[in-house]
Structure formats: structure tokens, C-alpha cells
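Undergrad: Next come the chains, spelled out residue by residue.
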Amino acid sequence: MTEGRSLKINVPMLARVEGEGALDLEIDRGRLAAARLRIFEPPRFFEKLVEGRAAAEMPDLVARICGICPVAYQMSAVHALEAIGSVEPTGWVREMRRLLYCGEWIESHCLHIHLLAAPDFLGFPDAAKMARQYPEAVRRGLRLQHLGNEIIALLGGRSVHPVGTCIGGFHRAPPAAAVSALRGRLHDAVPLAEELVRWTASLALPHARQDFVSVALRHPSEYPLNEGRIVSSDGLDIAIGEYADHFAEQPVAWSTALYSLYHGRPYLVGPLARLNLNLDLLPPQVRRNLARTEVPMPSSNPYHSIVARAVEVHYALLEALRILDDYHLPESPRVATKTRAGVGYGCTEAPRGLLWQRWETDADGHVVGCRIVPPTSQNQARIEEDLRLSLEAAGLDSPAEALRSRAEAVIRNYDPCISCATHFLTLRIRRRGGPQRARPPEALSTAARSAEES
Amino acid sequence: MSLSSSPFARRPRLAVHKFTSCDGCQLTLLNLGEQLLDLAERVEFVHFAEFGVVDEDADADIALVEGSVSTPHEIERIKTVRAHAKYLVAIGACATGGGIQALRNRHQAPEWMHAVYLQAGHTDVLDRVSPLSAHVRVDLELEGCPISTHQLLAALHDLLAGVAPAPSRDKLCLECKRRGLVCVVVTQGLPCLGPVTVTGCGVLCPGQGRDCYGCSGPAESPNAAALAAKFSTLGLSRQQVEQRFRAIHSAAPEFAELGIADD
Chain Z
1 MTEGRSLKIN
11 VPMLARVEGE
21 GALDLEIDRG
31 RLAAARLRIF
41 EPPRFFEKLV
51 EGRAAAEMPD
61 LVARICGICP
71 VAYQMSAVHA
81 LEAIGSVEPT
91 GWVREMRRLL
101 YCGEWIESHC
111 LHIHLLAAPD
121 FLGFPDAAKM
131 ARQYPEAVRR
141 GLRLQHLGNE
151 IIALLGGRSV
161 HPVGTCIGGF
171 HRAPPAAAVS
181 ALRGRLHDAV
191 PLAEELVRWT
201 ASLALPHARQ
211 DFVSVALRHP
221 SEYPLNEGRI
231 VSSDGLDIAI
241 GEYADHFAEQ
251 PVAWSTALYS
261 LYHGRPYLVG
271 PLARLNLNLD
281 LLPPQVRRNL
291 ARTEVPMPSS
301 NPYHSIVARA
311 VEVHYALLEA
321 LRILDDYHLP
331 ESPRVATKTR
341 AGVGYGCTEA
351 PRGLLWQRWE
361 TDADGHVVGC
371 RIVPPTSQNQ
381 ARIEEDLRLS
391 LEAAGLDSPA
401 EALRSRAEAV
411 IRNYDPCISC
421 ATHFLTLRIR
431 RRGGPQRARP
441 PEALSTAARS
451 AEES
Chain Y
1 MSLSSSPFAR
11 RPRLAVHKFT
21 SCDGCQLTLL
31 NLGEQLLDLA
41 ERVEFVHFAE
51 FGVVDEDADA
61 DIALVEGSVS
71 TPHEIERIKT
81 VRAHAKYLVA
91 IGACATGGGI
101 QALRNRHQAP
111 EWMHAVYLQA
121 GHTDVLDRVS
131 PLSAHVRVDL
141 ELEGCPISTH
151 QLLAALHDLL
161 AGVAPAPSRD
171 KLCLECKRRG
181 LVCVVVTQGL
191 PCLGPVTVTG
201 CGVLCPGQGR
211 DCYGCSGPAE
221 SPNAAALAAK
231 FSTLGLSRQQ
241 VEQRFRAIHS
251 AAPEFAELGI
261 ADD
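Chains as they are written, first to last, in this note's numbering: chain Z, 1 to 454; chain Y, 1 to 263.
Please keep in mind that the hints were generated in silico from the structure rather than gathered at the bench. Positions of the beta carbon are idealized from the N, C-alpha and C atoms, including for glycine.
Heads up, simulated DSSO-like pairs for lysine-lysine below, C-alpha to C-alpha not over 30 Å straight-line:
1) Z:338 x Y:230
2) Y:230 x Y:177
3) Y:86 x Z:129
Going by beta-carbon spacing under 8 Å, a handful of chain Z positions derived as facing chain Y:
4) 15
5) 16
6) 19
7) 20
8) 42
9) 60
10) 68
11) 119
12) 127
13) 138
14) 139
15) 142
Pairwise CB distance ranges (calculated):
16) Y:10 x Z:284: 51 to 57 Å
17) Z:136 x Y:59: 31 to 37 Å
18) Z:250 x Y:59: 40 to 46 Å
19) Z:238 x Y:157: 51 to 57 Å
Please work from the sequences and hints to get the whole structure.
TA: Quick look at the structure:
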């Protein structure tokens, strides 16, 4: 009887995700007719709002795209805008940017692991209830999250929309006393991060084996944060400026976020994709700790993302310590900027994955246009593919409640940031001296894109 | 945050709602560290989707609302939130002033929307982005982009103790002087918005040796025209002065005397 059942499941507001999205499942006579992460947050038209403004304002303005990963937006933007003016930041700036990013990875990953994802695997509706039974694990996570925030605040005054970053470097170098105090707290936290990796590996994560393409940055000598080439598990290896030749965004009816596809297919970005492609670049200490778990890496089980996140927390903590151990006050925290007409690309590894940006400025340093592709819109097609595979594997005749909770866990596992995903509306409006005219969606996805990029 | 003298007969019910925003102000709660668990014991979160509790229509003693109103649906939603909340707190620049997305008020955003999504069922957007107070009575506004932990905890502490919070409407510039920071206008010639911006962030920007960009919004009775004139003497063009004031609080009526705020 259940063979041919029809069922609709709708979760109008998903809990424990960043931003607001919904889940729609539709089973039609025993077949999965639809499995959708429906994103309905209103777009903020960000790319349009910055047109005509000074490039120098962008680090402050792009931060507002996302409260959870403002550093990522700042980093991709400053690299793109510096590329336009051929500005080369000093080694000190490069290191401090890595440090700042480490703070954001620790903060964002710990928030996701403990407050958003872990309750799924331990059977709690929220972290507060989970904390009553697992107080040490939750408090350890919140302590680590707080340290991530402290790193960001060291360089930017506060952890949400930090104010320290500018084109060319930083407004101010942190004083040595503040660095020294934080370094001590980070040293003390290393065992906590090691335990965190083992704890995530001990969770009852579902078994799954899925065939997906991982995409991440890769740098010759370091685990990727701010620099590298875009590589994939099926052999892609391109400069960041070639991104648009291989990845395309398109609108879909059920989402205010655009969908990105790689050669027409879904793909994965984020901690698991990064780890799958950069395992050899982790320090021995991090690899040894991971090897003490039963979790194999690289992994084709998407549920291992939570372990990958923990491994990156461990890595980011050690990397932050490496940088702080060598800390010295620079002659100047920034290099002079140059304005020039041109196009620049920035691509960095946001906590949730690749964050690609293209900026164009005029000779006076005003923004002519920008295009921003956030990680969540890149993962959205993969999330829906995973929903389909996971629900079919679980059995579509399972109780509706079981299907619903499994589907929610699948979505959360990708740490989607819906606030980010909807804040872009890449309009291909061509100005020809007259009033603005928009093209219909068909043209947007093909002809207009090639026209714009040419 | 002791509730020993609490005016509440039972555990106070707290709702956290999100409208059009970046998520950063409710993150002030999720970034509280271990204090978050203490807070979760002392209040009952009746709606806080990101934290795992979803019940939009739950009655709340205090509703914290992040984000601005940018769709017809959000107008209905904020009215519902108001109807179910005894005390409504607007948290952050989007909720108190429209936020950075209010920059689109000078453009035709619904047309942009329509151009990209011709399919039915997509979110309609309003012509103008507005703060919560344009639609419902707001009992308290906490300024900032984002609000600070200190502001939030101070306000919650007051409310849970049965006291009306009274956040400072002082200018950032005064706090900067009290802290003995070097003035970036005088020493570096930077266009600092501290003289017209409300305090609350902890003078972060001058603390970093840079100019305040006004993310907390206008202070009480700001003399924006005088500051704009000062910026001109620093060498800023008319357009640069406009953009300086018109960033995260472009919809602020306090800047209307410059002739640059939205009509």
C-alpha cells in the first residue's frame, strides 16, 4: 500500500539555519516528485546598491551582506579591488588577513557545529536542550566560538561587521599587549579543538556514499584561505578570473537565490570540498588528530562535513597561533592604494565555501559594477541532489516525520546561509544611453552573460 | 541577569524575529558564548528560528526584531509580531532605520525583481524599504549595525527587572573625547561622522584610528549641515559628502536638512 503513496511535506520555516528558508517535499505515487530548499528571503539588491560609490567604501559595505561571514565578503572584495590597481599588500598584511579569516572560520564553524547541526545527530530540538545533557560539549563549542570572535575583534574591533579592513591592508596594527593576551588563550584552547574533532567523529552520522564534484581553492604551499587557483575533484584547475567560463548561475522558480552549476552539474563547496582537495596541506598535527578517528578523508559521505568543519577549526586555531607567535608591529599596516579603471577578481574561502567576486571600477575609483557569487547559491543544486538521494536511500515509504527530519538534517549539513544567498540579484541590464531595460530570463542565462563577460 | 526581583510571574517569554537583514543582530545572541546558555535558562525562547524554536505566532513578553520591512508580506508579519508581543524591541540599523538596503529607495527595485523573476510565486518587493516604526508601534530601538552585546544585555537586563531601558542618545564624538582618543578629523583630516552619530558601538572606528562611517545612525539633534560643510573644507566633493551620509542610514530624516535624505 505504501508503494504508491502520495505525500506532501512542507516546512514553512526551517529551524537552525542562517536566514529563512522552507522545505518542500512531494512524493507522487511512490516517486519523489520534488525535493526543494525553497529560499524566499527578500533580495537586498546589493550589487545594484554599490554602483557609483567609492571603491574605498566597499570593505565596510560588503560586510553587510552577511552577519556570519562578513570577513569573507571583505576579503574577496579587497583582493579584487587591489588587483585592479595592482596594489601589492605586504607580507604582514597577508598574514594578518589569514589570521582574521581564521577567526571567522572558528566562529562560524563552531556556531554551526554546536548550535545548528549537532542537535540533529543527538536528537534535540535545540542546543539549549542539548546542553542540559551534554553541557561540556556545548560549552566547549561556545568557548571556541568566542575565541574566533576574539580573533576577529583583535583586528577589526568587533566580530560582526569588523571595521579594521581597508584596501591595502588594515587601518591599525593590533598592539602587542593585546596580541600576547589572546595568544595565551588560544594556546590553552588547542586541546579543546582536538577533542572537538574526535567528538564530531563520534556522532551517529548517517552512512552515505554520493558521487559529487568537490570545488575549492588550492594554493601550492598552504591550506587555502585568501589565495589560490580554483580546482575540482574531476580535474579542473583554473585561475579565478576564468570562473565564469566554467560556472553559470540561473534563476529558478522556487528561490530568490540563483543556482550555480559547474559545466551544467551540481557541485560541492565548503569544508568537506576543501578538505577533500587539500588534505595534504594540513599540518601533521591536524592530520594525526584526524587519523585517530574512524572517519576517512577524502570522503564521499556528505555527512562528514561536520567533521571537516571541526578539522578546520583545529587547523585555524593552530594557524592563528603560528601567525601570532611571529607577531611584530609593522612599519605601516597598509600600503597606498591606486585607483584605475579596470576589472578585478577576488575569490576566497568563506566558511561555507568559495566566494567569488568580480569588480569593475572607473578611473576615479568608483564602482561600475560587481558580481558576487556566494557559496550557498553554489551549493543549492547539490543540496537538492542530496535531498533526493538521501530520501530515496532512507525509503520513501518511511513515516512522514522521519522523512521531514532527515530532509532538514540534509539541508543543515551544508550550513546554508540564506541571508547571503539572497542578497544578490545579478541583473544583466545593459545601458545604451537610454532608459534601463532588463532582459528576460532566457537571455539572462545565456546571451547576456556572454555579452557581459566579453 | 538575576530575575530574583523579576516582575514576571513566570519565565519571561522571548521571541526573536528576522525581517530583511544580514542576520548579524540576532547573531549578537548566538555569539554570547556561554552566557547564551544562561540566558536560555532564564528566559523561554518562544520563537527564535536560528536557535531551533519556530512558532511565529507565539505570544511573547519581549520580541526582538531584526531587519527592515521590504515586502508586502513583511508588513503583515510585523503586524502579527506586534499583536503577539507585549514589548517590541527593534534591534539594529535595518529595523530602526531601514538599513543599507534602503539605498534602493531611490531606484525601481520592483522592476529589477520583475526583470529577473518572471515566474509566478516569487516574492513581491515594496517600492521602499522602511523601518519597523513605519508600520507598528515600537517600544524600544537599539541602534547599531550590528547592535553590540553590551547594548543588548543592558536592555534585556532592564526589561527583565521591570525597568524601562534608556539607551544613551549621546554623540559618538563625546564618548571619543571622554575616552581620550586622538581626533581623526583634526589629526588626519578624515571625514568622521562621530559628531552626528549616536554612541553605543564603543567608538570602534576612531579606536582603530579611522573615521566613523555612521553605522549606528543619527544621534539626537545632529548638526549634519555643519558637518557636511566641514567635510567640504576637507576636500570632499558634493557627491562624496552625500555618499558619506547616505550609506547605512540613507533613509534617516535627520540628514534631510542636507537635502540628501530620501524625500
